[in-house]
Every structure is written in structure tokens, then in C-alpha cells.
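Protein chains: 2
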Amino acid sequence: MNVTVRGKTRAYRTVTFDAAHNHVRLIEQRLLPHTFKIEASRNFRETAAAIRDMVVRGAGAIGATAAYGLAQGARAFRGSDQRKFSRQVETVYTTLKAARPTAVDPVNAMNAVRRAMGRGQSVAQQQTLALAAAEEFANEDVQHCAAIGRQGVKLIRNGMKVLTHCNAGWLAFVDFGTATAPLYAAQAAGKRFHVFCDETRPRSQGATLTAWELAQQGIAHQIIADNAAGHLMQAGEIDLVLVGSDRTLGRTGEVANKIGTYTKAVLAKRHGIPFYVAIPLSTIDWNLRRGREIPIEERPEDEVLGAWGVLQTQRTGAGVRNGKRAYLRVANPTSGARNPGFDVTPADLITGIITPAGIFKPRELWRHRRTLGFNP
Amino acid sequence: MNVTVRGKTRAYRTVTFDAAHNHVRLIEQRLLPHTFKIEASRNFRETAAAIRDMVVRGAGAIGATAAYGLAQGARAFRGSDQRKFSRQVETVYTTLKAARPTAVDPVNAMNAVRRAMGRGQSVAQQQTLALAAAEEFANEDVQHCAAIGRQGVKLIRNGMKVLTHCNAGWLAFVDFGTATAPLYAAQAAGKRFHVFCDETRPRSQGATLTAWELAQQGIAHQIIADNAAGHLMQAGEIDLVLVGSDRTLGRTGEVANKIGTYTKAVLAKRHGIPFYVAIPLSTIDWNLRRGREIPIEERPEDEVLGAWGVLQTQRTGAGVRNGKRAYLRVANPTSGARNPGFDVTPADLITGIITPAGIFKPRELWRHRRTLGFNP
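Respectively, the protein sequence lines represent chains A and B. Each residue of the first sequence is one higher than the last, beginning at 2 in our numbering. Each residue of the second sequence is one higher than the last, beginning at 2 in our numbering.
Derived from the structure by calculation, the hints contain no laboratory data. Among the hints, a few may not be true.
Identical chains share a label here; the pair holds if one copy fits it or two copies do between them.
[What the hints assert, rightly or not] Below 30 Å or equal to it, Euclidean Cα-Cα: the simulated DSSO-like pairs (lysine-lysine) are: (1) K155 <-> K98; (2) K9 <-> K192; (3) K270 <-> K162; (4) K155 <-> K362; (5) K362 <-> K270; (6) K270 <-> K38; (7) K9 <-> K270; (8) K98 <-> K162; (9) K85 <-> K155; (10) K362 <-> K98; (11) K85 <-> K38; (12) K98 <-> K9; (13) K85 <-> K270; (14) K362 <-> K192; (15) K270 <-> K325; (16) K192 <-> K270.
From just these sequences and the hints, can you work out the full model?
In C-alpha cells, the structure reads:
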């Protein structure tokens with residue numbers, strides 16, 4: 002999507018590959034929204050570190066990064082000794098997998114690359130096939146998100162006010178994003194609408210990443226405290242809620258997503274406001290039988306007890322870009338925190354699940370499982 | 002309530018009067034929770050500035066401060082000329098009223114002091130009566146909060162987990178607070194319970210003031226992101242919600258309170274969790290006929306776009322007290338915000354209203370209006 006740097010607007014992807022230099026190129030997301038910078042990982046170890054240290058985050062984005070990282074490691078091999086090459090590829094695979102051990106996308110992505118490599122007869126062929134497969138993985142991610150946009154665009158009517166939570170935007174994928182894809186498609190179709198971005202405490206991905214994306218794209222938006230959506234719904238100022246999902250249960254239609262998503266769904270239900278979840282097929286879990294079996298990660302207390310941002314010596318005006326990055330302790334210094342990272346929204350609160358293959362009622366996913374890629 | 006300073010625990014009130022020096026003594030709330038300091042206002046202009054600049058905040062606390070400020074200004078008068086004295090008192094009254102022009106408590110408090118002064122025959126008598134009336138106002142505030150505690154304590158059972166939002170604690174009154182009063186009473190009765198403090202973005206009064214109060218009092222508590230309460234309710238970890246109110250409509254039982262209160266009420270309803278609002282009688286509005294007529298203040302965008310706290314060079318450990326105070330910009334620098342300060346919770350979501358005179362269903366307030374101080 003678009004990013005404007007020093008007055009020049011250009012289209013970017015979150016992850017790309019520089020074949021000439023054998024570099025994985027990533028938007029350095031830890032500096033956003035205050036600084037935009039492309040980071041080049043020069044070898045697979047740097048790429049693994051970028052995944053581990055969250056230079057890049059988001060399901061699709063880390064999947065594509067791992068796929069490129071595997072190709073990068075394979076391409077760095079010099080010579081034609083198949084056994085040595087295979088050992089190198091194994092090391093690369095293990096290193097990249099260990100960078101985010103609980104994530105499923107890097108594994109799926111790298112398995113696709115490895116399968117493709119298996120069709121090569123020589124080291125050189127396998128190196129070529131690895132990169133081609135990584136590119137294909139990244140392009141498919143883009144196509145899936147674009148398809149979500151085409152499916153979801155019909156939900157956005159002129160003059161609508163849309164609430165989002167967290168960031169399921171293009172920064173979390175290779176391009177377009179999931180929850181944001183219908184917005185970008187609606188903008189492309191010339192529709193006018195307004196987006197409220199939930200701040201999304203404690204990590205503030207809505208206030209930082211989603212707001213940055215929408216600002217770069219020129220989409221009208223305002224950030225709100227997570228506390229404010231209920232009042233805006235009472236005031237008739239929200240017409241639609243659009244969120245992403247980390248894991249959706251194919252058997253029940255339950256949706257695990259960033260903490261606070263469930264609250265927005267409960268509010269939307271009370272106000273009769275449509276609540277949609279946009280997902281790529283890869284995040285559907287066809288095995289788990291109950292949402293309560295989803296483990297909810299308890300994250301560090303620091304996130305709740307303070308905030309990250311840039312220091313602002315001058316509190317008004319635009320002179321905030323050049324501030325020094327810092328962590329501020331907000332809370333009482335002798336208090337602790339609870340910090341569940343995710344919650345689970347039951348199917349009865351969800352109007353529809355937007356997938357690349359169509360929009361489904363949450364409880365219809367299982368019936369359409371063949372269409373949706375279930376492969377028992 | 003208790004505050005421990007350099008290892009010594011002492012009971013404090015939010016506002017007191019030093020008759021010997023004619024000083025109003027206030028807890029400097031802008032430095033909390035990171036620094037505890039008592040500020041002495043040496044004359045009525047300093048007292049007005051303390052109200053205006055929010056050294057002191059909260060309905061009961063600013064009421065008592067204004068009452069003491071009026072007595073302070075009256076007592077500073079030298080001589081016995083009644084006309085000059087009355088002019089001086091008028092100046093003091095106007096100055097203190099202008100410090101928070103929309104607040105109703107300072108006006109009510111100062112009117113009580115003026116009425117008492119009217120019974121004096123000389124300047125000296127009126128000066129004496131002014132201070133006595135101010136003391137009476139402050140003591141009544143304490144008694145009302147203590148009575149709320151006695152009423153509400155029966156709701157707290159051993160082992161309960163209680164959710165609070167914002168700060169309706171003793172810092173907002175002279176002592177005990179409203180939403181916190183049942184907690185303090187339960188502690189005094191030897192009950193064991195755990196409190197979850199909603200952070201209460203954007204101004205974080207739960208993470209700063211309520212958490213500080215509970216920590217000082219030795220009550221077990223944890224701060225949570227405003228997003229987390231829904232998940233904790235799903236997990237069966239919240240048994241009761243206790244909040245305060247800025248304005249409660251006597252005719253409908255609707256409750257205006259800090260933004261986010263309504264959301265917690267909607268969640269509590271879905272989970273069948275009792276939702277109680279603790280109020281002093283002075284905050285009941287007997288005139289307004291509909292909650293939607295309550296004007297909702299739109300507050301500065303800065304509050305949503307960033308955070309205040311102390312800088313922490315070392316992110317772990319306890320070395321956070323001595324950090325420098327700062328404002329951090331968290332959000333995307335080119336985005337704006339909506340910032341409604343309050344919301345209105347309808348009667349159907351409220352289990353009961355805890356008043357000094359008893360606990361009532363919200364729709365019963367009107368029927369009990371004589372008991373509740375309605376004076377048409």
C-alpha cells in the first residue's frame with residue numbers, strides 16, 4: 002500500500018526480496034508510526050532475528066519472511082554438494098522456525114518452500130525453486146487479502162462509520178491486510194467512509210499501526226480510547242465493526258483475536274451493529290472443538306503498567322516525529338497487572354466471517370469446509 | 002485513609018485545614034501515584050489555583066476545598082468593618098467559583114458556609130462560623146462516604162473478585178470515597194477479596210489513583226487494560242462490578258460516569274454479574290428527564306494520542322519512583338482522536354445504586370426521593 006516519504010508517495014509491501022543482493026527487505030515495524038524505514042536482512046540469521054525481535058509481525062508477514070529467509074539461506078550456499086546443501090537448508094529451517102516457536106505461519110510457509118525444492122534435480126535448481134516458491138507464497142498472501150477486500154467491499158456503504166480493533170492491516174500481511182482490505186477496496190471504489198481506530202491497549206496497535214496505515218492511504222479516521230466505542234454506538238456513530246482474527250475455529254465459528262475484541266462484539270450485539278471478522282483461510286483451525294481450549298497467552302505486566310512512544314517536549318503542534326523513543330511508567334509503581342493477550346468471541350456475536358472464498362455465517366464454516374481448504 | 006511515607010503509615014484526608022496558619026492542606030494529586038506530597042495553600046487565591054490546576058479533583062474533595070477556601074478568605078480579613086468584610090467574602094466566593102466554573106459541589110459547599118456566616122453578629126463571629134461550617138461540610142462528606150461503605154459492605158463476600166473503573170476513591174472525596182468505600186469497609190470487617198482496577202484510558206485514573214489507594218491500604222489488586230474485563234468475565238474471574246457516578250438521574254436511574262463505564266455494564270449484564278454504582282446524594286440530578294440530555298464533554302485529543310507518567314530508564318525492577326515526569330506521544334503523529342469524557346449507563350444494566358441512605362434499584366430512586374434528599 003502507499004507510503005509517503007519526504008513528500009514522495011510509493012507503493013510498498015511489508016516484505017520483499019532483493020534477489021540481486023540476496024536480501025530480505027522488511028519494513029522496520031518497531032519504529033512505526035514515528036519513523037518509516039526499510040531494513041535489509043543480509044543473511045538468514047539476520048532474517049530470523051528480525052522475526053524474533055519483531056521487526057516484522059503479523060501472521061502473513063512472518064510467513065512470507067520465513068519463506069524468503071529459507072530461500073535466502075539456500076541461495077547463500079556455494080557449491081553443488083547435495084548433502085552439504087541439505088544440511089545447510091535444515092539449519093536455516095530450524096533457525097527460522099525457532100525465531101517464533103509458537104507461530105504456525107512460518108512453518109507452513111517454509112514447508113511449501115521445501116516441497117517445491119524437492120522437485121529440483123541440482124542444488125542450483127533447488128535454489129531457483131526455493132525463491133520461486135517463496136515469491137509464490139508472498140503473492141498468494143497478497144491475492145488472499147485482495148480477495149477478502151473484494152468480498153468485504155460490499156459491506157461498506159457511502160457515509161458509513163466503521164470501527165476497527167488492533168491491526169489486521171497490510172503491515173501484518175504482505176499487502177492489503179484482512180480487516181483493512183475491505184476498507185482499501187472501498188476507497189479504490191470511490192466510496193466515502195470514516196474509520197474509528199480503537200487504540201487497543203496495552204500495545205496500542207490501533208493507535209500506532211492501523212492509524213498509520215489509514216493516514217498513509219488518505220482514509221479519514223480518528224483514534225478512540227478502547228473505552229469510547231460503547232458511547233459512540235449509543236450515539237449512533239458506528240455502523241459496522243471490522244476486525245481480524247488470530248485463530249478461528251472451523252467447527253464452532255469462535256474467533257480468537259486481540260484482547261478487547263470480545264467486548265466490541267458484545268457491544269455491537271446490544272446495538273444491532275453488524276460485526277464482521279476478516280480472515281485468511283490459513284488461520285482456520287479445523288481441529289479444536291471448543292473455544293475455551295484455546296490457550297490465552299498471559300503477556301508481560303510492563304505492557305499494562307506503562308506505554309511506549311516518543312517523548313514530546315512540546316505538547317502541541319506537529320513537532321513529535323523527532324522525539325526520542327521511550328517507555329513511560331504510568332501506573333502506581335507498587336501495583337502489578339494481569340495481561341491476557343487474546344480473547345475468544347463466540348459465534349452468536351459474529352454477523353459474518355469474510356474469507357477470500359466468500360462471506361459465511363460463523364456456524365456455516367464447517368459445512369463449507371471443502372471450499373475453505375479443510376484437508377483431513 | 003492510610004498512606005505510608007518513608008516506612009511510616011499514617012491516616013490522611015484529601016483536604017484538611019490548618020487553623021493556626023490559616024492554610025488549606027491538600028494532597029498534591031498531580032504527582033500521584035509517583036510522589037506523595039501535601040501542598041499548603043496559604044491564601045484563598047492559592048486555594049482557587051489548586052482547584053483550577055487540579056492539585057485537587059473529585060466532587061467531594063473540591064467541594065470541601067472550596068468551603069475551606071471561603072473560610073480561609075474570610076479569616077484573612079483584618080478588622081471589624083462589616084461592609085468591607087462582606088465585599089472581601091464576595092471576592093473570595095467569586096474567585097473560588099470561577100476555578101471550576103461547571104462544577105456544582107464548590108457552589109453547594111460555599112453556599113452552606115455563607116448561610117452559616119449569616120447567623121454571625123460580628124466579623125469575628127462570622128469568621129468563626131465560616132470555619133465551623135467548612136469543617137462540618139468536610140465531616141459530612143466523610144460521613145456520607147462511610148455510610149456508603151456500611152451499605153455496600155454486605156455486597157462483598159469472602160474470596161470475591163471485584164472490578165472497578167476510574168477513581169471514585171477517597172482521593173476524590175475527603176475520605177473513604179464512594180465506589181471504594183465498600184471495599185475499605187470490607188477490609189475493616191476482615192473480609193478477603195481481590196480488586197481488578199481498569200486502567201481507565203485515556204487518563205488512567207484506575208492505574209494511577211485507584212491502584213495507589215488500594216496499594217496504600219494493603220488491598221490485593223491488579224491493574225488490567227480496559228480491554229481485558231470481558232475476557233476475565235468469560236473466565237469467571239469477576240464476581241461484582243463497583244463504580245462511582247458523576248451524575249445520576251433521579252427520575253430514570255441513568256448513570257453518567259467516566260467513559261467506559263457503560264461498556265462494563267453491558268458486559269456485566271451478559272455475564273449475569275452484579276453491577277453497582279455508589280453515589281453520594283449530592284450527585285443525584287432530580288431535574289433532568291432523559292440521560293441523553295446530559296452533555297458529554299469532548300476532551301483534548303492529546304489524552305488519547307499519548308500518555309503521562311514517569312520515564313523509566315531501567316524497564317524492570319522497582320527503580321521507577323525517581324523517574325522524570327513526561328508526556329509520551331504513542332499514536333501515529335498524523336492522526337487525530339475523538340475523546341468523549343463520559344458515557345451514560347441506562348437503568349436496565351444497573352443492579353443497584355448504593356447511597357448513604359440504602360441500596361436502591363435505579364428506577365426506585367424517584368419513589369424514594371424524600372429519603373434521598375429531593376427538596377422541590
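Verification of the supplied hints:
no.	hint	verdict
1	K155 <-> K98	neither (38 Å within a copy, 54 Å between copies)
2	K9 <-> K192	within (24 Å within a copy, 64 Å between copies)
3	K270 <-> K162	both (16 Å within a copy, 26 Å between copies)
4	K155 <-> K362	within (16 Å within a copy, 45 Å between copies)
5	K362 <-> K270	both (15 Å within a copy, 25 Å between copies)
6	K270 <-> K38	neither (40 Å within a copy, 46 Å between copies)
7	K9 <-> K270	neither (43 Å within a copy, 51 Å between copies)
8	K98 <-> K162	neither (40 Å within a copy, 40 Å between copies)
9	K85 <-> K155	neither (53 Å within a copy, 74 Å between copies)
10	K362 <-> K98	neither (34 Å within a copy, 57 Å between copies)
11	K85 <-> K38	neither (36 Å within a copy, 69 Å between copies)
12	K98 <-> K9	neither (37 Å within a copy, 53 Å between copies)
13	K85 <-> K270	neither (58 Å within a copy, 63 Å between copies)
14	K362 <-> K192	within (25 Å within a copy, 47 Å between copies)
15	K270 <-> K325	neither (42 Å within a copy, 44 Å between copies)
16	K192 <-> K270	within (26 Å within a copy, 37 Å between copies)
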